[in-house]
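Residue numbers (the working numbering), protein chains in the order written: chain G, 587 to 805; chain F, 9 to 215.
Where hints are given, some of them may not hold.
What the hints assert, rightly or not - Some chain G residues well away from chain F (every beta-carbon gap over 10 Å; in silico):
1) VAL615
2) GLU618
3) LYS650
4) HIS681
5) ASP685
6) PRO710
7) GLU765
8) GLU777
Stated by the list, open to error - 20 Å max Cα-Cα, derived EDC-like pairs, lysine to aspartate or glutamate:
9) G:LYS682 - F:GLU203
10) G:LYS682 - F:GLU86
11) G:LYS626 - G:GLU745
It is worth saying that the hints were derived from the structure and are not from the lab. Remember, it's a predicted structure, so these values are computed and weren't measured experimentally. C-beta atoms are modelled at their ideal positions from N, C-alpha and C, and glycine is treated no differently.
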Amino acid sequence: MKPTMLFWALTALAAAPALAVGPAQTLPVDAEMAAILAVKGDPVKGKDAYDICRGCHRPDASGKAEAGYPQLAGQHPQVIIKQMADVRAGRRDSHKMLDFIVEEVLPAEQIAHIAAYLHSLPVPTTNGKGDGRMLDLGKHLYDRDCAVCHGQHGEGNGEKFYPRVAGQHYNYLYRESRESRDKGRRNSNPEMVRVIRHYTDDDLKAVSDYMSRLAPPRP
Amino acid sequence: MPWMKRKAVPRTLIFGFGVVYASLGLSAQGGDAKLMALVSETCAACHGPDGNSVVPDFPILAGQQKSYLLREMLDYKEGRRHSDVMTPLMTPLGQEDMNKLADYFAAQKPAPGAVSKPELLALGKRIYLEGNTKSGVPSCDGCHEENGEGSKKFPRVAGQHVAYTLEQIAQYASGKRSNGVKVMRTIAERLTKEEAEAVAEYMASLK
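Based on the sequences and whatever the hints tell you, model everything.
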């Protein structure tokens, strides 16, 4: 039996309960995502597998502020897994990244290891930020609409697949929130799309800038 | 492939390497006469007795990652990488021969590479270290390391001949070369002609 087949065979049982009782019943969790979530991520293996990602997301996983390549260090493993599985399954578009994370380049279980490794990395504070002119508006909107899911300090919630947004690049946050509002980002949480559907571009800029400056204490 | 256009390796070249080989006294290397005969008969004519090929179409093997050398030899033998020259040469080799050859060339000191268009080095350095975020080209250092030495998973590119590097990029882009890590096809497709040339020059300049 090939290792990948063995992997699927072993995870098939684990996947079923995750689909049935997992926290993401409203999200399209498919068999692959459930299987990856069931793997216990190994940061050491993840560091090795991450080398294919470094050319864009950088060795410290700080991403690229100007290009809008997201900062990944310290992100919740479940978030990394969901987003990568979504891109692989075609639920999220990432034209630049897709070829680098297809199964023949990155076997599914490696994603769990990469996610564990990224979670273990310190979050850089040198991320890209906005112009700082609308932070009051940003805080107002964030506290009113965003904190309930993404946390008061932008810490997110891995169990619920809510990304950590604190310390993320402004360009990335602004682009992705705009895409979510305009429904170009197809895997967005529908609740979030509902909340921000009336946001102006300035509202999105303000809240993105505010999030980029959040810095929750590391647990 | 450009080098396929040549009918054969010039006899004078083979003779020349024979002289170099003899004068270097390579039998001193661990005293493995069988290995030295193999290097001499199978590899030296094109790649040089110490893996420092002097013909730009033939890759420099000196200092190359052992894991990469092994994989490529096996891929030639088993048909995953294609060359009318390399495949017949690799076919008779067994695992132990390949292992010894890989050890041997990995241990040789690479000669400094040759830059032919220094005006391209600035662009090449930018692509190598930063990629092109508009077209989605990752930086090369992510896998091949900042100094181009490669790793257990990725080949050394430092000091490599420009012509060879460019030929590989062309083969990746066309799909002719498809062995190893699959991402090179995507990267090769996204590189412009000028970027490819520049990055090949920059790789040649790395020590």
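Going down the list of hints, with the structure as the test:
| no. | hint | result |
| --- | --- | --- |
| 1 | VAL615 | 27 Å, holds |
| 2 | GLU618 | 19 Å, holds |
| 3 | LYS650 | 6 Å, violated |
| 4 | HIS681 | 7 Å, violated |
| 5 | ASP685 | 4 Å, violated |
| 6 | PRO710 | 17 Å, holds |
| 7 | GLU765 | 17 Å, holds |
| 8 | GLU777 | 31 Å, holds |
| 9 | G:LYS682 - F:GLU203 | 18 Å, holds |
| 10 | G:LYS682 - F:GLU86 | 32 Å, violated |
| 11 | G:LYS626 - G:GLU745 | 15 Å, holds |
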